[in-house]
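Number of protein chains: 4
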Amino acid sequence: MDIAIIGASGYAGGDLMRLITLHPHTDLTCATSRKLDGTPVSLDQPHLKGFVDITYTNPDVNDIDADVVFLAVPHTVAMQYAGSLHERGIKTVDLSADYRLPQGIYEEIYGVTHTAYFDAPYGLPELHRDAIKKASFIANPGCFPTGAILAAAPVADLAQTIIYDSKTGVSGAGDTVSETTHYPNVADNINPYKWTAHRHLSEMQLEISRLESRASVHFTPHLVPVTRGILTTAHILTERPVTKDEIQMRYRHMYRDEPFIRLQTPKLASVRGTNFCDIAFEVEDGGRRIVAVSVIDNLMKGAAGQAVQNMNIICGFDETEGLLFPAAAP
Amino acid sequence: MDIAIIGASGYAGGDLMRLITLHPHTDLTCATSRKLDGTPVSLDQPHLKGFVDITYTNPDVNDIDADVVFLAVPHTVAMQYAGSLHERGIKTVDLSADYRLPQGIYEEIYGVTHTAYFDAPYGLPELHRDAIKKASFIANPGCFPTGAILAAAPVADLAQTIIYDSKTGVSGAGDTVSETTHYPNVADNINPYKWTAHRHLSEMQLEISRLESRASVHFTPHLVPVTRGILTTAHILTERPVTKDEIQMRYRHMYRDEPFIRLQTPKLASVRGTNFCDIAFEVEDGGRRIVAVSVIDNLMKGAAGQAVQNMNIICGFDETEGLLFPAAAP
Amino acid sequence: MDIAIIGASGYAGGDLMRLITLHPHTDLTCATSRKLDGTPVSLDQPHLKGFVDITYTNPDVNDIDADVVFLAVPHTVAMQYAGSLHERGIKTVDLSADYRLPQGIYEEIYGVTHTAYFDAPYGLPELHRDAIKKASFIANPGCFPTGAILAAAPVADLAQTIIYDSKTGVSGAGDTVSETTHYPNVADNINPYKWTAHRHLSEMQLEISRLESRASVHFTPHLVPVTRGILTTAHILTERPVTKDEIQMRYRHMYRDEPFIRLQTPKLASVRGTNFCDIAFEVEDGGRRIVAVSVIDNLMKGAAGQAVQNMNIICGFDETEGLLFPAAAP
Amino acid sequence: MDIAIIGASGYAGGDLMRLITLHPHTDLTCATSRKLDGTPVSLDQPHLKGFVDITYTNPDVNDIDADVVFLAVPHTVAMQYAGSLHERGIKTVDLSADYRLPQGIYEEIYGVTHTAYFDAPYGLPELHRDAIKKASFIANPGCFPTGAILAAAPVADLAQTIIYDSKTGVSGAGDTVSETTHYPNVADNINPYKWTAHRHLSEMQLEISRLESRASVHFTPHLVPVTRGILTTAHILTERPVTKDEIQMRYRHMYRDEPFIRLQTPKLASVRGTNFCDIAFEVEDGGRRIVAVSVIDNLMKGAAGQAVQNMNIICGFDETEGLLFPAAAP
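Chains as they are written, first to last, in numbering that gives the first Met the number 0: chain X, 0 to 329; chain Y, 0 to 329; chain R, 0 to 329; chain U, 0 to 329.
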């Protein structure tokens, strides 16, 4: 199958290209970049030398032809491509935020008018596999929501309050330089940001509410001196005292057959470069607080990996095709 | 004044020696180490070469003579020294946990029998300055409790629930090697530990309760790839809706005259190597959650710096003597 | 083919297990560890959960049965296994130093008596592919020599002096904790060690001399705050002035058909987790100094990856089988 | 004495301000910044809150009035200020490259015309103390040359070839964001740059030649994932075999009375935030190579610290005034 990646020169684009070269049924035929139009991909991303030998292009949206398209562009840019792709029935996984929320919420949170809205399933296969299977356009979840929702999903209906305290690596900020990503500002530091109002909070609230939960959901992200990975600590206050055993049963039950979720001590090194989400939890004495912790690679299960997982589902491949490899640890 | 440091070869000991060399009224006459008895200090801690020219010794407790003694040894070891020093009326600042808690709580939390218990003020000058002034033996607070308590103190009586999510540098684990501190296990990683039951939680609960608070207090620490520094994110659920203005007034009021507390964006680099605690807060929309963040250098305001601050108070020096210098940032 | 890994619990062992799970023709049937005998591999190395489901064992050497054995144990331990494996004709790749040097040099450099010496080809395929093909026991090169020799090989016969200044990640020190690898001693630091007398120097000198070079070879390694990777800066003083063009021709010619050598700007991120060695060079004005720089992943092309490459050769597989995947960058 | 810092908002400017607050005889009266004109210094550099309470200004050069001026601006900008200051006899320490080299060499290396040239002593007190004492305008050395020259000076006349392989922290690149300093490009990486032609090489060559040396001098810098500090490995090939004893005598003799040079194992942590340069060496078997290693803080002995040291000399203060404090290690 021919694959096109729109916005291939960013970090998520780079990991998509890496995954496409590892996938047995796909062929990368188009990698677009506005700023690098005409540059060989492997000059820009030398780790792909020997694997990707095409050149960045910058085609008109209607000239993009492929069996599957990945939109790895920022929000508001994705919607400029989505309409045409959707109409032409081209299978698409959108890594931006443009189709993750109902239109009204989206417009309020992102402060823009949506010019090409339609419904698309939220591409978290662990919660929405059936809806994804039937669709051809998937809204790939945000990196923070992926780890946060998976950490609390098995106990969401027990929760009164969920406070997500997330720690993210710097690659989440993309490959564009800024004060925020200037090495001396990051190294030996921990930077909380958007302490109470990060845009990803809406995705978390929406998904948690869909799990029959009445919990109030809060979220504070922190930038940490790590390149890849998000560790989310979910502080969950429960409506009634719980026991470790019943909580364990819930996690095991929900994730029993999930190929990318492993219930074990969460370490970033265990998931780096892979599509896994490792989760563990503890119950505080008295049973009124659960601390659940998840780790993901923000560029993989938090972006490119989950996008390929969604592609596998909508294309009828085995869901794990091209994604089942362990991390290189340490 | 002559100063003795018991347990000088550790990280807190090293910073105490650094501070004593900077202090105009003190002279380091004794630095003890069991394992390095006979070794010149500057061979062990080369950054002190040219400043500390004495040799580690290992004297009997009753032979320790000084105007002020710092106990920079682990809990249970400190109590072996404390009795003699206390009886002989030697001014002492104990950096261990041995005198921070009422005896019963201490013995339960630390799982040991206290063999030399007496009351000592909790050496957090911002809350207990008057008690410290009258004492000669001070229980220097734990590193986590220092940052955590200061972050929430101004609003403790408004809180229903306080969840401390702390991120600490590796020097907090001391200079003893372990799996936990093995570089490949720390770098590019975030490690939560003692998710619900860290011993420092008791200090936090006790101090918060002393602030006329009925809040339930929780604490989850994380090891981050940073050498020095603790950033504590205090997620505070309030009993009633609050406004940003009233909260701001409370922080300003409580810390108005505090020489080591600065209300500004918390960055580890701003406090590294210094005795400052920088604090800021945000109020979540609706006023039911306050996110307060504090940063300290765990070896300074979290250990050696606060110990010297306490020494200044009990010796009648200006409280800031030898401690008023800015960080070298970045 | 059945694979046994002796000493599987270390970092090189971990990467060997990862590679065996990725290889289409191999099956891991035995992973030994003295200290973890009886422990499931995936409890010790959680990144392998779902991929390796066997348990560490500690069999007698004569009971080890497999088509290929990897010796991932320290020097002097490898020779305890090698004799039996060699006699029984079991294909073996030895990652230790025990068979890399002629017996006399080995005994002098390592200060021990070799109790089971025999000749084995030096497993650097780029230089000794033919000899490796004919052998069944291969001495896998050291991590530093691999990067160093490959950096200078094309110009070794032009060199008067080669000074290797290498920068290595901490995983090269293994998974055993020590002062050297204690996080606060590594982070924000650069530590030269064995400034003039690292044991790997002998391998470099021997291999460079085999390239018809009369150069004197020197080597100073540095530990840097990186987990994986070695960057070697080869400062090459030439016997006569050279031009950039002739040097470029030499590099291109020698490495034209090498599947794991790429002539491009060396970045650790481009080779991390992979078997690639990326090399570039510059000629100093006047043509009397060449600066050649190579990067490898010390656990891959510097250990496990090259070992699998050697296994492929001695087993008659395609040399790149199971090893052709790009790095996850950044 | 009143101090003005031109270009105070950069990293060197920040450290100059820190040092001025620690100095007993100086008062910061002017801190200029073009882009931050009107901003309180402590808003921009929060670590200085409570120590520096002035606001950045942007005065005309002729309106700058102070007893001492520090020029912490880029090369070519410094010369726009130097003429006026020099004519008006205002004591000045220039941290840029504009007055470090003879005019002809400067213009060739930097590719610009010097519009306000005059002779100024090279401000390396260990080599040029007498010349500095008599001057009022000092050319503060580059960060790399400082560490490199001090490492080899005692044996320069014995050297045939000196190859400097330097490893520098990222703060040396300044506070301006770029691809080079983007966290994911630096972390877990080692980046050689200007492999054979860094501009600082000229300073090294000039100073080494002034030490009666005929050595050819080469220099390759590397960016390492460290914020502050330069470690320089000097690979020195000698004209004749040397012994460890004679070399030791030379280092001890030359640096016997130097207040900021310590002959001990070089660790970045030992000098971080301070004006010290720690140096050690080894002689290779056979005596034909010396490996000398120096560490400095690039912003201190490599910039602001040395500038204050020079200020002390030209103002007649004790040379160590305000600079004698130990590092906070680890």
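What the hints contain is simulated information worked out from the structure, not anything from laboratory work. Quick caveat, the model's predicted, so the values are computed rather than measured. Treat the hints loosely; a few may be bogus.
In this list, chains with the same sequence are indistinguishable; a pair is considered to hold if it fits within one copy or across any two.
[Stated by the list, open to error] Below, a list of computed lysine-lysine pairs in the DSSO-like style, where the Cα atoms sit at most 30 Å apart: (1) Lys193 <-> Lys90; (2) Lys132 <-> Lys34; (3) Lys132 <-> Lys243; (4) Lys48 <-> Lys132; (5) Lys133 <-> Lys90; (6) Lys243 <-> Lys193; (7) Lys243 <-> Lys48; (8) Lys243 <-> Lys133; (9) Lys48 <-> Lys193; (10) Lys90 <-> Lys243; (11) Lys193 <-> Lys132; (12) Lys133 <-> Lys34.
Going through the hints against the structure:
For the identical chains of this complex, Lys193 and Lys90 are neighbours neither inside a copy (34 Å) nor across copies (46 Å), given an alpha-carbon limit of 30 Å. Taking the shortest alpha-carbon separations for Lys132 and Lys34, neither the intra-copy value of 35 Å nor the inter-copy value of 47 Å comes in at or below 30 Å. In this assembly of identical chains, Lys132 and Lys243 lie within 30 Å of each other by CA distance neither inside one copy nor across copies; the values are 35 Å within and 47 Å between. Proximity of Lys48 and Lys132 under a CA criterion of 30 Å is satisfied inter-copy only: 28 Å between copies versus 34 Å inside one chain copy.
In this assembly of identical chains, Lys133 and Lys90 lie within 30 Å of each other by CA distance solely inside one copy; the values are 11 Å within and 51 Å between copies. Taking the shortest alpha-carbon separations for Lys243 and Lys193, only the inter-copy value of 16 Å comes in at or below 30 Å, while the best intra-copy value is 33 Å. For the identical chains of this complex, Lys243 and Lys48 are inter-copy neighbours only, at 23 Å across copies versus 49 Å inside a copy, given an alpha-carbon limit of 30 Å. Neither within a single protomer nor between protomers do Lys243 and Lys133 lie at most 30 Å apart by alpha-carbon distance, with minima of 37 Å and 47 Å respectively.
With identical chains, the CA atoms of Lys48 and Lys193 are at most 30 Å apart between copies only, with a shortest distance of 23 Å across copies and 38 Å within one. For the homomeric pair Lys90 and Lys243, neither the shortest alpha-carbon distance inside one copy (43 Å) nor that between copies (47 Å) is at most 30 Å. With identical chains, the CA atoms of Lys193 and Lys132 are never at most 30 Å apart, being 35 Å at best within one copy and 41 Å at best between copies. Within a single copy, Lys133 and Lys34 get their C-alpha atoms no closer than 35 Å, and across copies no closer than 51 Å, so neither meets the 30 Å cut-off.
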